[in-house]
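Enquirer: Letter by letter, the chains look like this.
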Amino acid sequence: MAKKSETIIKIENLSKSFGDKVVLDNINLDIKRGEFVTLLGPSGCGKTTLLRMLAGFTQPDAGGIITMEGNDILSMPPHERPLNTVFQRYALFPHLNVYENIAFGLKLKKVASKDIDKRVRKALKMVSMTDYEDRDVNSLSGGQQQRVAIARAIVNQPQVLLLDEPLAALDLKMRKDMQMELKEMHEALGITFIYVTHDQEEALTLSDTIVVMSEGKIQQIGTPTDIYNEPVNSFVADFIGESNILNGTMIRDKEVEFIGHKFECVDTGFGENTAVDVVVRPEDIYIVGNVDNADFTGTVKSCTFKGVHYEMFVETDKGFEMMIQDYNAFEEGATVGMFIKPSDIHVMRKERTCNTFQGVMTSPTTVKFLDTEFECAEQGVKEGDVVTVRVAFNRVELHDYKEDGKLIGSVHFILYKGDHYHLTVKTEDGDFIYVDTNDIWDNFDIVGISIGKRDIYVSKRV
Amino acid sequence: MKKFFAQLYLWTLLALLYAPIIIIGIFSFTESKVLGNWTGFSTKLYTSLFSGGTHHSLLSAIQNTLSIALIAAIASTLLGTVAAIGIFNMRGRKKQVINFLNDIPMLNPDIITGISLFLLFVSLGISQGYTTVVLAHIAFCTPYVVLNVMPRLQQMNPNIYEAALDLGATPFQALRKIIIPEIRPGMISGFILAFTLSIDDFAVTLFTKGNEGLETLSTYIYADARKGGLTPELRPLSTIIFAVVLLLLIIINVRAKRAAKRKQAM
Numbered sequence: 001m002a003k004k005s006e007t008i009i010k011i012e013n014l015s016k017s018f019g020d021k022v023v024l025d026n027i028n029l030d031i032k033r034g035e036f037v038t039l040l041g042p043s044g045c046g047k048t049t050l051l052r053m054l055a056g057f058t059q060p061d062a063g064g065i066i067t068m069e070g071n072d073i074l075s076m077p078p079h080e081r082p083l084n085t086v087f088q089r090y091a092l093f094p095h096l097n098v099y100e101n102i103a104f105g106l107k108l109k110k111v112a113s114k115d116i117d118k119r120v121r122k123a124l125k126m127v128s129m130t131d132y133e134d135r136d137v138n139s140l141s142g143g144q145q146q147r148v149a150i151a152r153a154i155v156n157q158p159q160v161l162l163l164d165e166p167l168a169a170l171d172l173k174m175r176k177d178m179q180m181e182l183k184e185m186h187e188a189l190g191i192t193f194i195y196v197t198h199d200q201e202e203a204l205t206l207s208d209t210i211v212v213m214s215e216g217k218i219q220q221i222g223t224p225t226d227i228y229n230e231p232v233n234s235f236v237a238d239f240i241g242e243s244n245i246l247n248g249t250m251i252r253d254k255e256v257e258f259i260g261h262k263f264e265c266v267d268t269g270f271g272e273n274t275a276v277d278v279v280v281r282p283e284d285i286y287i288v289g290n291v292d293n294a295d296f297t298g299t300v301k302s303c304t305f306k307g308v309h310y311e312m313f314v315e316t317d318k319g320f321e322m323m324i325q326d327y328n329a330f331e332e333g334a335t336v337g338m339f340i341k342p343s344d345i346h347v348m349r350k351e352r353t354c355n356t357f358q359g360v361m362t363s364p365t366t367v368k369f370l371d372t373e374f375e376c377a378e379q380g381v382k383e384g385d386v387v388t389v390r391v392a393f394n395r396v397e398l399h400d401y402k403e404d405g406k407l408i409g410s411v412h413f414i415l416y417k418g419d420h421y422h423l424t425v426k427t428e429d430g431d432f433i434y435v436d437t438n439d440i441w442d443n444f445d446i447v448g449i450s451i452g453k454r455d456i457y458v459s460k461r462v
Numbered sequence: 001m002k003k004f005f006a007q008l009y010l011w012t013l014l015a016l017l018y019a020p021i022i023i024i025g026i027f028s029f030t031e032s033k034v035l036g037n038w039t040g041f042s043t044k045l046y047t048s049l050f051s052g053g054t055h056h057s058l059l060s061a062i063q064n065t066l067s068i069a070l071i072a073a074i075a076s077t078l079l080g081t082v083a084a085i086g087i088f089n090m091r092g093r094k095k096q097v098i099n100f101l102n103d104i105p106m107l108n109p110d111i112i113t114g115i116s117l118f119l120l121f122v123s124l125g126i127s128q129g130y131t132t133v134v135l136a137h138i139a140f141c142t143p144y145v146v147l148n149v150m151p152r153l154q155q156m157n158p159n160i161y162e163a164a165l166d167l168g169a170t171p172f173q174a175l176r177k178i179i180i181p182e183i184r185p186g187m188i189s190g191f192i193l194a195f196t197l198s199i200d201d202f203a204v205t206l207f208t209k210g211n212e213g214l215e216t217l218s219t220y221i222y223a224d225a226r227k228g229g230l231t232p233e234l235r236p237l238s239t240i241i242f243a244v245v246l247l248l249l250i251i252i253n254v255r256a257k258r259a260a261k262r263k264q265a266m
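Line order of the protein sequences matches chains A and B. The numbering used here numbers the first residue of the first sequence as 1 and each following residue consecutively. The numbering used here numbers the first residue of the second sequence as 1 and each following residue consecutively.
Calculated directly from the structure, the hints in this document are not laboratory data. Fair warning: this is a prediction, and the values are worked out from it, not measured in the lab. Cβ coordinates follow ideal geometry from the N, Cα and C atoms, glycine included. Careful: at least some of the hints might be erroneous.
The calculated lysine-lysine pairs, modelled on BS3-like cross-linking and capped at a C-alpha distance of 25 angstroms, are [to be verified]:
id: 1; chain 1: B; residue 1: Lys94; chain 2: A; residue 2: Lys176
id: 2; chain 1: A; residue 1: Lys426; chain 2: A; residue 2: Lys217
id: 3; chain 1: A; residue 1: Lys350; chain 2: A; residue 2: Lys318
id: 4; chain 1: A; residue 1: Lys406; chain 2: A; residue 2: Lys318
id: 5; chain 1: A; residue 1: Lys110; chain 2: B; residue 2: Lys94
id: 6; chain 1: A; residue 1: Lys406; chain 2: A; residue 2: Lys382
id: 7; chain 1: B; residue 1: Lys177; chain 2: A; residue 2: Lys114
id: 8; chain 1: A; residue 1: Lys306; chain 2: A; residue 2: Lys417
id: 9; chain 1: A; residue 1: Lys254; chain 2: A; residue 2: Lys368
id: 10; chain 1: B; residue 1: Lys95; chain 2: A; residue 2: Lys107
id: 11; chain 1: A; residue 1: Lys368; chain 2: A; residue 2: Lys306
id: 12; chain 1: A; residue 1: Lys118; chain 2: B; residue 2: Lys177
id: 13; chain 1: A; residue 1: Lys254; chain 2: A; residue 2: Lys125
id: 14; chain 1: A; residue 1: Lys10; chain 2: A; residue 2: Lys32
id: 15; chain 1: A; residue 1: Lys109; chain 2: A; residue 2: Lys125
id: 16; chain 1: A; residue 1: Lys21; chain 2: A; residue 2: Lys406
id: 17; chain 1: A; residue 1: Lys183; chain 2: A; residue 2: Lys173
id: 18; chain 1: B; residue 1: Lys177; chain 2: A; residue 2: Lys21
id: 19; chain 1: A; residue 1: Lys318; chain 2: A; residue 2: Lys402
id: 20; chain 1: A; residue 1: Lys109; chain 2: B; residue 2: Lys177
id: 21; chain 1: A; residue 1: Lys109; chain 2: A; residue 2: Lys122
Simulated coverage check for chain B against chain A, where a stretch passes if three residues somewhere in it have a Cβ under 8 angstroms from a Cβ of chain A [to be verified]:
id: 22; segment: 150-160
id: 23; segment: 165-173
id: 24; segment: 178-192
Have a look at the derived ranges for each label pair, beta carbon to beta carbon [stated by the list, open to error]:
id: 25; chain 1: B; residue 1: Leu107; chain 2: A; residue 2: Met180; range: 43 to 51 angstroms
id: 26; chain 1: B; residue 1: Leu107; chain 2: A; residue 2: Asn71; range: 53 to 61 angstroms
id: 27; chain 1: A; residue 1: Met174; chain 2: B; residue 2: Ile180; range: 45 to 53 angstroms
id: 28; chain 1: B; residue 1: Phe172; chain 2: A; residue 2: Ala112; range: 40 to 48 angstroms
id: 29; chain 1: B; residue 1: Met156; chain 2: A; residue 2: Thr205; range: 45 to 53 angstroms
Go ahead and model the full structure; you've got the sequences and the hints to work with.
Expert: Okay, here's the thing in structure tokens:
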């Protein structure tokens, strides 16, 4: 057998749009032989589309390349591709029994019936379903059906197994058991697993490599510990595990300011006085009843028992809310002191510091961007000039009634930053506007969007 | 008391509905030439119905009816199934439009369908006869098959076709080994429905049978009645047809019930 480090699947420049909607945006990914790779992301991030492209059920836009062991597989129809899929809703053939379901692929390949028998029994044993051969698949429980679906795929001895949220329909206890079994199965078979899920815990438990996806783009590729400890942006930090994500300023190398205090950290190379995002995991904040010498102090707002630990929300001395997990409980209203170790502070470059749009001046005091005309202050640009428009996050106003705004959008993503919410609002045309607000909104809320005349900064593009 | 009246109402209603058929059924077992005269129990009309002779044309009409129904039912089942799969895989507006177009022939009065098919055949210069009747029957039966197969496709897990491809089946193998077995109950219901609709049809047949002397049961009876008086043999014939249709209906209902039960068990 070939070496483990060898690339088995290579994905290059893969994109896919349905009409105007970009589902996958220039995906590049190498998958190594024998790896357990998880495509992780919220619904609609493109992970399932990517898996379906590997299986051959969806074609990418022109220009994309997928090779397996050096051979182009995009030109092959699904039935000729040397990989097998485990579907989310099992997709067992209802009119065939367990044995016939598993033997389906082998019969098509005209394997001798003696060998079929041997291989089906081996596959059933692998998924702990021996003696179920003659059962009607409709009489099986969800977990059992999923085992049969896995057996039906692995009996064909594929080099790569694709799994599309295979455990999503199972209850929590069953899911935990199946996770362990999948992991053991992966080790026993030694083949490549490509696994799609939106469950970050599942991804952390199972994977060798996690590919975090959002908005059709790969956000980060790394081992579970990399992804958890060193998220590259606030999306990944928020999506994987619990975290406190805060606005901060990198004062100089190894010194960062956030929640109104200066902290020693280990990050370098951000420059001086640079705006950054800071991530602190709730379990990395040490909480004590004694406020002397503490990095910062605060008051406990709530304390909930979570089984192993207590989860507390603390309002800090400068008015930021932070989530803290600790084995010790502190009563509501208690004054507490907190410490954070330099190595537990994770600093990330900000993706953007204000909204930036491209626009055209329709008169010296009106500018058109996002397909809408806005009034702005006179800033020395002429009618017809192509301009860059900048709007601060906290200067975008959101309205409950969509009629009150110039634009209509829906709340797409919410990030709590300790003392305010950072919202991503998607306009009807699919553009994104980023908003800082103290108001509470829910995902998918429809909002009216307006921007004050004095809050629009335009500068001529060169 | 209230219950009594409710029962009385129900049974009166059923008696009125079924009275004509029951009367024909009863009088099929007597020899009298005139309907309504009971001249003692006899099965002579049944034997003379099948003994040919004077009723040769009636027998050939029955033969035509059955063979047309069989061909039309088979052809429309095949066409309708293929169409249903095609429509099922369409998206959005196109699907809505085609579904709507599929509904129109079913709502369209038979007489309109008959006249328009007649005009079509005449304008294309096709001489009318057995073939045109078969074509006409296929045309009006196919939408019903589509309507019967569609729900089976909708109930089907959409991934099983892909699962079959994934396991190495060509699209045709996946259709034959996976899709067809899944939608077979819908195809059978569609076939039975098409068969009975074809047997039942009068208006469309009348306009498409041409004047080469082709008769089906319904057109034969119509012609016979116009000649003056109904042949007594029509009484046993009607009774037999009713019994057959009743049997088919029972089969369809039992199948539907079983399918519902199976679905519940899942």
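Enquirer: State for each hint whether it applies.
Expert: Tested hints:
1. B:Lys94 to A:Lys176: violated (44 angstroms)
2. A:Lys426 to A:Lys217: holds (17 angstroms)
3. A:Lys350 to A:Lys318: The given pair, whose Cα atoms are some 22 angstroms apart, holds under the 25 angstroms limit.
4. A:Lys406 to A:Lys318: Distance of about 35 angstroms is beyond 25 angstroms: violated.
5. A:Lys110 to B:Lys94: violated (40 angstroms)
6. A:Lys406 to A:Lys382: Roughly 23 angstroms separates the two Cα atoms, so the pair holds.
7. B:Lys177 to A:Lys114: holds (22 angstroms)
8. A:Lys306 to A:Lys417: Since the Cα atoms of A:Lys306 and A:Lys417 sit roughly 23 angstroms apart, the hinted pair holds (cutoff 25 angstroms).
9. A:Lys254 to A:Lys368: violated (43 angstroms)
10. B:Lys95 to A:Lys107: Not OK: B:Lys95 and A:Lys107 at ~36 angstroms, beyond 25 angstroms, violated.
11. A:Lys368 to A:Lys306: violated (51 angstroms)
12. A:Lys118 to B:Lys177: holds (23 angstroms)
13. A:Lys254 to A:Lys125: Violated - the C-alpha atoms of A:Lys125 and A:Lys254 are around 55 angstroms apart, more than 25 angstroms.
14. A:Lys10 to A:Lys32: holds (9 angstroms)
15. A:Lys109 to A:Lys125: Given that 25 angstroms is the threshold and the Cα spacing comes to 22 angstroms, the pair holds.
16. A:Lys21 to A:Lys406: This hinted pair holds, its Cα atoms lying about 23 angstroms apart.
17. A:Lys183 to A:Lys173: Holds: A:Lys183 and A:Lys173 sit about 16 angstroms apart, inside 25 angstroms.
18. B:Lys177 to A:Lys21: Roughly 36 angstroms between the alpha carbons, so the hint for B:Lys177 and A:Lys21 is violated.
19. A:Lys318 to A:Lys402: Answer violated: A:Lys318 to A:Lys402 is near 35 angstroms, above 25 angstroms.
20. A:Lys109 to B:Lys177: Roughly 14 angstroms between the alpha carbons, so the hint for A:Lys109 and B:Lys177 holds.
21. A:Lys109 to A:Lys122: holds (18 angstroms)
22. 150-160: holds (count 3)
23. 165-173: As far as the segment 165-173 of chain B goes, the hint holds, because 8 residues have Cβ atoms under 8 angstroms from chain A.
24. 178-192: That given contact holds, which follows from 3 residues of the segment 178-192 of chain B lying within Cβ reach (below 8 angstroms) of chain A.
25. B:Leu107 to A:Met180: 43 to 51 angstroms: Since the Cβ atoms of B:Leu107 and A:Met180 sit about 58 angstroms apart, the hinted range of 43 to 51 angstroms is violated.
26. B:Leu107 to A:Asn71: 53 to 61 angstroms: Holds - the Cβ-Cβ distance for B:Leu107 and A:Asn71, about 54 angstroms, lies within 53 to 61 angstroms.
27. A:Met174 to B:Ile180: 45 to 53 angstroms: violated (33 angstroms)
28. B:Phe172 to A:Ala112: 40 to 48 angstroms: At roughly 24 angstroms between Cβ atoms, A:Ala112 and B:Phe172 fall outside 40 to 48 angstroms, so the hint is violated.
29. B:Met156 to A:Thr205: 45 to 53 angstroms: violated (33 angstroms)
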